[in-house]
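So you can see what is in the structure, the chains are spelled out below.
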Amino acid sequence: MKLYEFQGKRIFKENNIPVPKGTLIVSPNQPIEVDPPAVLKTQVLVGGRGKAGGIKIWDSSSKLSELLQDMFSQKLKGEPVRAILAEEKVDIVHEFYLSITFKGNSATHVLVASSAGGVEIEKIAQENPGKIITLPIDPFLGPTAYQVRYVAKTLGLKDHRELKKLINSLYAVYSSYDATLVEINPLALTPTGLVALDAKILLDDKSRPRQEKLFSLLVNEQQSLARGDRESEEAKPDTITYVPMSGSVGLISDGAGTGMLTLDLIKDAGEEAANFCELGSITNPEVMYNAMAAVLKNPEVKSLLIVLIGGFNRMDDMAEGILGYREDNNLKIPLVVRMCGTMEEVGKEMMDQAGIPTYDDLLGAVREVVALAKEK
Amino acid sequence: MAVLINQETKVLVQGITGRSGTLQTRVMKEYGTKVVAGVTPGKGKTIVEGIPVYDFVAEAKEHHSIDTVISFVPGPFAKDACFEAVDNGIKFLVLTTEGIPDHDVIEIISYAKSRGTKVLGPGSPGLIAPGKCKLGAHPTRMFIEGRVGVVSKSGALSYEVGKTLTEAGIGQSTVVGIGGGPIWGLTQQEIIGLFQEDQETDIIVLLGEIGGSMEEEAAEFIATNVTKPVVGLIVGRAAPEGKSLGHAGAIIEGSKGTAKAKIEALSIAGVHIAKTLQEMVQIIKGLRGN
Chain A
60 MKLYEFQGKR
70 IFKENNIPVP
80 KGTLIVSPNQ
90 PIEVDPPAVL
100 KTQVLVGGRG
110 KAGGIKIWDS
120 SSKLSELLQD
130 MFSQKLKGEP
140 VRAILAEEKV
150 DIVHEFYLSI
160 TFKGNSATHV
170 LVASSAGGVE
180 IEKIAQENPG
190 KIITLPIDPF
200 LGPTAYQVRY
210 VAKTLGLKDH
220 RELKKLINSL
230 YAVYSSYDAT
240 LVEINPLALT
250 PTGLVALDAK
260 ILLDDKSRPR
270 QEKLFSLLVN
280 EQQSLARGDR
290 ESEEAKPDTI
300 TYVPMSGSVG
310 LISDGAGTGM
320 LTLDLIKDAG
330 EEAANFCELG
340 SITNPEVMYN
350 AMAAVLKNPE
360 VKSLLIVLIG
370 GFNRMDDMAE
380 GILGYREDNN
390 LKIPLVVRMC
400 GTMEEVGKEM
410 MDQAGIPTYD
420 DLLGAVREVV
430 ALAKEK
Chain B
193 MAVLINQETK
203 VLVQGITGRS
213 GTLQTRVMKE
223 YGTKVVAGVT
233 PGKGKTIVEG
243 IPVYDFVAEA
253 KEHHSIDTVI
263 SFVPGPFAKD
273 ACFEAVDNGI
283 KFLVLTTEGI
293 PDHDVIEIIS
303 YAKSRGTKVL
313 GPGSPGLIAP
323 GKCKLGAHPT
333 RMFIEGRVGV
343 VSKSGALSYE
353 VGKTLTEAGI
363 GQSTVVGIGG
373 GPIWGLTQQE
383 IIGLFQEDQE
393 TDIIVLLGEI
403 GGSMEEEAAE
413 FIATNVTKPV
423 VGLIVGRAAP
433 EGKSLGHAGA
443 IIEGSKGTAK
453 AKIEALSIAG
463 VHIAKTLQEM
473 VQIIKGLRGN
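For the protein sequence lines, the chains are A and B, in the order given.
Those letters in the first sequence? Residues 60 to 435, per this note's numbering, in order.
Those letters in the second sequence? Residues 193 to 482, per this note's numbering, in order.
Among these hints, one or two may not hold up.
Below, a list of computed lysine-lysine pairs in the BS3-like style, where the Cα atoms sit at most 27 Å apart [to be verified]:
#	chain 1	residue 1	chain 2	residue 2
1	B	435	A	136
2	A	190	A	217
3	A	61	B	435
4	A	148	A	217
5	A	259	A	61
6	A	80	A	162
7	A	110	A	190
8	B	420	A	110
9	B	477	A	326
10	A	162	B	305
11	A	162	B	477
12	A	326	B	452
13	B	310	B	420
14	B	221	A	182
15	A	162	B	435
16	A	182	B	435
17	B	448	A	61
18	A	134	B	435
19	A	407	B	221
FYI, nobody ran anything at the bench for these hints, they're computed from the structure.
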């Protein structure tokens, strides 16, 4: 889950990471506690906000109500603006980049720092790769004192005690909130010390059961701001992944890799999939039933391909789900099922008895379903 | 020899009493895998599929010689079960559990690494050395003994490839599923390294997918360390941009992590690229000279 900047900054503030004094504005006429000169920042979840015109300066030459009116009527990369964070302007001596995240291939947390902050880290990596340091952090030790001194030296900070406090607080947020990224960019050096001018926090959705209170607070806040603009972030009862696409062949697979392979094969056969739909780690008859309901909601689907190759997933469960859905609903489009793997004898028998032949060969099933889609 | 497992591997099943644990234990045992014990806290002194169940790994070790653990323990308890396996000197741990929070996964793998335990997973379908040992969910009829080593992120895709190779009469030395990410214990590169050393493997198959940078890192490793022929298949050529496709690691952002970029990196490293499973069969037959 991605947090808004103001949510991230509230978390920073609660954990002793200095942020500028600010007010969240949700309507153009709301009184605010910040005086000019101030920075007005649209609160959106899309990236590249600054370049898209989502940040404006309010000084004595401009009228706040006009600026706000203007900003609230904006759409940033399609996302409507529902809130603006007004912050007092701080004097910036230098801008740094600082974040904590993880590297999946080496299974380590990493602290990333650069003296060239203020632009996207991807851009720093392109233009100044030598100016980025990446330090692995042991999950049982946290950032060590020598690592902090090394970061201070790299950033050119003489006083490493303030940085130590900041890094330790940032790591505390990262670990206690189950974050996958905590990023301060820019981290400003001001005459009064270090200040986080931006806050980007990503939370691990898999930690939701043990972070229920935190998630429900943040999700409720995001939903009330979005006022129905965005799809609900409510927890789904299963692990189905559903991604709409623009073609006509409905697709359900019981593995991500096989699903992606099938997408490619459908394209090679001259059609495009109407969606990607993968059942995920929890599979039972109900999950298959729900997946069919999700895919067949799309009126563009001309034929449906179900690709099953069970390892942990049981074919008797899958047959039960498919047949259950067919019994409850009037299936108007042709269905092609490829079924093999764990408990396949039972699953195929159930399908046979219901009069639905199953394929064993994936390529044959793809050709059939594409031909059926083209007939329609 | 095969990699990581063989006919002598002695296996303990953590979470043996769950629905999946019980079914997979039965299939593994039928295949000939030496499953010697199971552990589920609170279910000690019971028997599942003829296998004695204990409350603790240490208790199982008093009665059995054990070198490998496969874990079916659900998410909230998975970390503790892994610590227990590592503390008991288990050298190879197959972690099938999906949905473990990222911070727990990093603790598990860091702890295991510091004590010399190899972790396959999380979210691993396991691995199979056809004819010798099966540790995980691989459907048995899709694999036959032979000399092609396969490494895959996706379980289902590795069954798909196993099935196609087997139907074409091409056997496998070991088929290893490392899991869909976003965090991995053993990586593609490490498994490829094991295949390079394995005397029973002649050809290596790398099954990759969109997202992340693991295939690119494997390509660099192959270029400098691997002399055996490698055949690569990257799925997700037709995937839309910016969407996660079922595996947390499988997302394209801009030009990063695309199938095209991965195929390019692997081609430069000398990997034979197959676009479909049928092409893979043709390439392998060509490499074997038949």
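Evaluation of the provided hints:
A threshold of 27 Å between alpha carbons decides the hint, and for residue 435/B with residue 136/A the separation of about 16 Å falls inside it, so the pair holds. Restraint check for residue 190/A and residue 217/A: the C-alpha separation of about 18 Å stays at or below 27 Å, so the hint holds. Taken as a hint, the residue 61/A and residue 435/B pair is honoured in the structure, with Cα atoms around 15 Å apart against an allowance of 27 Å. With a C-alpha separation of about 24 Å, the suggested pair residue 148/A and residue 217/A falls inside the 27 Å cut-off, and the hint holds.
Only pairs whose Cα atoms come within 27 Å are accepted, and residue 259/A paired with residue 61/A is accepted, the gap being roughly 8 Å. For a cut-off of 27 Å, the pair hint linking residue 80/A to residue 162/A is broken: about 33 Å separates their Cα positions. Proximity of residue 110/A to residue 190/A is assessed by CA-CA distance (about 23 Å); at most 27 Å being required, the pair is judged to hold. Between residue 420/B and residue 110/A the alpha-carbon distance is near 49 Å, which puts this suggested pair outside the 27 Å criterion.
Simply put, residue 477/B and residue 326/A have alpha-carbon atoms about 26 Å apart, close enough for the 27 Å limit, and the pair holds. For a cut-off of 27 Å, the pair hint linking residue 162/A to residue 305/B stands: about 15 Å separates their Cα positions. As the CA atoms of residue 162/A and residue 477/B are separated by approximately 37 Å, the hinted pair breaks the 27 Å bound. With a CA separation close to 15 Å, the supplied pair residue 326/A and residue 452/B stays within the 27 Å bound.
A C-alpha spacing of about 24 Å is found between residue 310/B and residue 420/B, which places the hinted pair at or below 27 Å, so the restraint holds. With a CA separation close to 54 Å, the supplied pair residue 221/B and residue 182/A exceeds the 27 Å bound. Of the pairs offered as hints, the one joining residue 162/A and residue 435/B holds, with about 20 Å between alpha carbons and a cut-off of 27 Å not exceeded. Annotation: proposed proximity of residue 182/A to residue 435/B holds, straight-line Cα distance about 22 Å (limit 27 Å).
With a C-alpha separation of about 20 Å, the suggested pair residue 448/B and residue 61/A falls inside the 27 Å cut-off, and the hint holds. Taking the CA atoms of residue 134/A and residue 435/B, the gap is near 21 Å; set against the 27 Å cutoff, the hint holds. Pair hint residue 407/A plus residue 221/B holds up; C-alpha atoms about 24 Å apart against a cutoff of 27 Å.
Violated hints for the displayed structure, listed by number in ascending order: 6, 8, 11, 14.
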